[in-house]
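A.B. asks: All chains should be built: construct the whole structure from the sequences, respecting the hints.
Protein sequence lines, in the order shown, are assigned to chains A and B.
Quick note: the working numbering has the first sequence finishing at residue 203, numbered continuously throughout.
Quick note: the working numbering has the second sequence finishing at residue 418, numbered continuously throughout.
By construction, these hints were calculated from the structure, which means they are not laboratory data.
As the structure is a prediction and not an experimental result, all values here were calculated from the model.
Across the chosen pairs, the derived CB separations fall in these ranges:
no.: 1; chain 1: A; residue 1: 114; chain 2: B; residue 2: 337; range: 38 to 44 Å
no.: 2; chain 1: A; residue 1: 109; chain 2: B; residue 2: 237; range: 52 to 58 Å
no.: 3; chain 1: A; residue 1: 9; chain 2: B; residue 2: 229; range: 54 to 60 Å
Glycine is no exception: its CB is placed at the ideal position from the N, C-alpha and C atoms.
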Amino acid sequence: MSRAALALSDVACLRGGRILFRGVNLTLDAGASALLTGPNGVGKSSLLRLCAGLLPAFSGTMERHGAVALADERLALDSELPLARALHFWARLDGSAENAVAAALEAMALTRLSDVPVRMLSTGQRKRAMLARVIASGAPIWLLDEPGNGLDSASLGLLGSAVSAHLAGGGIVVTASHQPLPLGAPVVLSLADHLPDPAEWDA
Amino acid sequence: MRMLWLLASRDLGTAWRSSGLWLPVAFLLLVASLYPFAVGPDLGLLRRTGGGMVWIAALLASLLPVDRLIAPDRDAGVLDQMALRGIGDEMVVLARLIAHWLGFGPPLMIATLPAAALLKLDGGTIWMLEAGLLIGTPALAALGLLVATLTAGLRSSGALAGLLALPLAVPLLIFGAGTLGDGSGAALKFLAAASLLLVAITPFAGGAAIRAGRE
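C.D. replies: So, in structure tokens, the structure goes:
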């Protein structure tokens, strides 16, 4: 695997006819992590989608080396399937190793729930299932949108150790979060510092 | 190719678990059993009009699963997750087209046999009907899927999908039902042409619609 890298230079984001933020620079090399902060609606999720390549940058450039895994507010697991089988679908698409799903379930303490249909999972369990999907993907770049929402303190610990293991293995983690998370020493990017001038709003 | 198979088999499994596969079949049989009650048990009349009735039922049955084809996966983030992995939206739509046809065309063709018995169709008509459905159901599946991609993000998409699809389906109905009274085979060729066209453009048009709806 070549070294993962993620670089944003002078990125602006346009949504619904309004500029959300501009002039965002971020360079992450293998093993680095970033924490996006800012009040609601400032564009944290949009920035993550931009990093994922799902949203075009209005100006500036985004460069990425390595596959991405995104955990946003949507689970993207088949609700009728047992958890392990729902995760296997994505793992097969990703070409992950045979035991990747089992390892990811183990890392999120979900092994006991492997046979439970996804629709029966609680809020916190769904969040952990989503993180397991990210872990099982084997992608070097993780984009996590509010990964701590709905997690109890034990699960937050699991999240923290999964993230540090990923970073130690040369991965990149970009997180948007309000609450303090055990993420090591991330680069903190406050999007509130990148608001456009009011005159630019109607660009 | 392996990816196409993975995607299509997942889509087929989803349709199976939501018991969406039985809906068009049940609908066709229901129409076929209600029709003789409505027009009366006149053998000649049933035989003359029954084939056309099956075509109308097939067309309407193809619209039943439209709101489940794209919208739930779009809302659950599945389409975005596929895009993240570099899977083209065209590929996603193509896989879904294959799965949708497999779950819709052959069951409908099998259900046509008991329906034909209910409508007292003769052997020749049944053959033409099955041949026409074999050629025409891919087009019906493609049309339903295309409309599903176009309306996925909208409210009351089901009703809108019907309004969008029915005018576009008129040529299929004309050529499809036309095969029954046509000895020359021209209607069958026109049906095949319309079917080819729809199947060919659906992955591209549907992929573009999904991309445009991504925000």
